[in-house]
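Dock chain to chain to rebuild the complex, using the hints, since each chain is given by itself in its own frame.
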Amino acid sequence: MSRPSLPVTVSPEEKRFLMECAFALRDARREEESAAVFRGVLPLVDDKHLPLIGLGTIEFFGGRFDAAIEQFEEATRMAPTFALGYAHLGEALAFARQQEEAELALRKASDLDPVGAEGGEMARTLQKFLAYGLL
Amino acid sequence: MSGIGNIANNFDFRTLSQPITVEKEGGWKKFGRILGGVASAAAPFTGGVLNGAGVDSNFNRQLELIQLQEQIQQQTQIINTVSNVSKSKHEAAMAAIRNMK
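Residue numbers (numbering that gives the first Met the number 0), protein chains in the order written: chain X, 0 to 134; chain G, 0 to 100.
The shape of chain G in the complex, shown without the other chains (with noise of 0.2 Å):
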């Protein structure tokens, strides 16, 4: 059934219809330039084996990863109340329709 399209149509989903982004500014962020900090002020202790800017870096891309991944998950959560919707209308219009007189 194209219900879901249907539906996709004409809900307003103002969650789905914005695009995925990605917060760069936050708490996590401050958290992430302090923890950055502290590897590069440790940087000389530990003989240059943690390089400051680059755990500064994938501490970022992984917060991003995870945000990404809860609004996918959030999405993915509307589009399974979307199609739960248009299964139970059919279902009920099939067993309408089989009952008919």
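Next comes chain X alone, as it looks inside the complex (with noise of 0.2 Å):
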């Protein structure tokens, strides 16, 4: 049985202004709030990938890197050309010790974000651990 939508219409500023929250509480270890944020951010917006990255971002901030490369997929198949997905995907790969795959991951990022505003810098920096041996 579906719930019946609520007459509440959520704008873009407020739905910016709630993932901004939920990365804010990420980063203050805060991470089930930030996590009930992102889950309930989900319906509301378009781009479901960024909520979906920002729970990835959960799961490889607690090690659980098998859940995150779960949710950093699932971004990469709903934006499957948003470079910040891969380059999630990729460290995440890195630190689940799957090298080869971490690779392709950042080299799509790269390709993907040749500039690097949208997370091609981070997959070649990233590109660079995995050179040095430090991944």
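FYI, nobody ran anything at the bench for these hints, they're computed from the structure.
Hints may be right or wrong, so weigh each one.
[Unchecked claim] Derived pair list, reagent style SDA-like, types lysine to any residue, alpha-carbon separation capped at 25 Å:
| # | chain 1 | residue 1 | chain 2 | residue 2 |
| --- | --- | --- | --- | --- |
| 1 | X | K47 | G | K86 |
| 2 | X | K14 | X | P42 |
| 3 | G | K100 | X | G39 |
[Stated by the list, open to error] Examples of chain X residues toward chain G, derived with CB under 8 Å:
| # | residue |
| --- | --- |
| 4 | P11 |
| 5 | K14 |
| 6 | R15 |
| 7 | F22 |
| 8 | D46 |
| 9 | A116 |
| 10 | E120 |
| 11 | M121 |
[Claimed, not checked] The following label-pair restraints were derived from C-beta to C-beta distances:
| # | chain 1 | residue 1 | chain 2 | residue 2 | range |
| --- | --- | --- | --- | --- | --- |
| 12 | X | E30 | G | G53 | 53 to 63 Å |
| 13 | G | M93 | X | A66 | 16 to 26 Å |
| 14 | G | I65 | X | A66 | 43 to 53 Å |
| 15 | G | S82 | X | R76 | 26 to 36 Å |
C-beta: ideal position from N, C-alpha, C; glycine also.
Structure follows, in structure tokens:
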């Protein structure tokens, strides 16, 4: 049974505010609250890959790399041309000791965002880490 | 952002996790010893102005400091790289939020 939708509209500014709150909570190490906000934002936004990436980073920071990979893979399925999703996926794969897959994901992110503002720079830095054997 | 701390927790920082240590033995140490020996040998002729053992220990201390400095520089470089990753992560996330629909 589907729940009736509330006659409430959430403006784009409010959605952005909620997303920023979720990231701020995550960075304050309040993972549970952060995850609750990310999950709450998920049905409200069209760009569902963003809260999914947020949820993935919470798993990643908690050291649950397989769960993080799942979230990031889902994010890349939803937005296959969004570099940041692949950059995060590459990082999580590297920590899960899946070096070849990590390199592929990071290369994809780097190719999708040659300028660097949407995850390409992050991917290139992580590629250097991999090349130096630090990951 | 606490990203640096988070990454530091997760990263396999072999170089960072190792304490800063100074190698005690090596080619330079030998060189220092030889130099000290030469200084000791020269001491009688220099009227005891140069103390051989003093030169040796001073040289080794200098060498240890240089090695320590190199390790600190290396670790600073790694921390800067981690910091850059965190920065680019944060900026990319915030840019995506700004363009969110």
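These are the hints, each one checked on the structure:
{"no.": "1", "hint": "X:K47 with G:K86", "result": "holds (23 Å)"}
{"no.": "2", "hint": "X:K14 with X:P42", "result": "holds (11 Å)"}
{"no.": "3", "hint": "G:K100 with X:G39", "result": "holds (15 Å)"}
{"no.": "4", "hint": "P11", "result": "holds (7 Å)"}
{"no.": "5", "hint": "K14", "result": "holds (6 Å)"}
{"no.": "6", "hint": "R15", "result": "holds (5 Å)"}
{"no.": "7", "hint": "F22", "result": "holds (6 Å)"}
{"no.": "8", "hint": "D46", "result": "holds (5 Å)"}
{"no.": "9", "hint": "A116", "result": "holds (6 Å)"}
{"no.": "10", "hint": "E120", "result": "holds (4 Å)"}
{"no.": "11", "hint": "M121", "result": "holds (4 Å)"}
{"no.": "12", "hint": "X:E30 with G:G53: 53 to 63 Å", "result": "holds (58 Å)"}
{"no.": "13", "hint": "G:M93 with X:A66: 16 to 26 Å", "result": "holds (24 Å)"}
{"no.": "14", "hint": "G:I65 with X:A66: 43 to 53 Å", "result": "holds (46 Å)"}
{"no.": "15", "hint": "G:S82 with X:R76: 26 to 36 Å", "result": "holds (31 Å)"}
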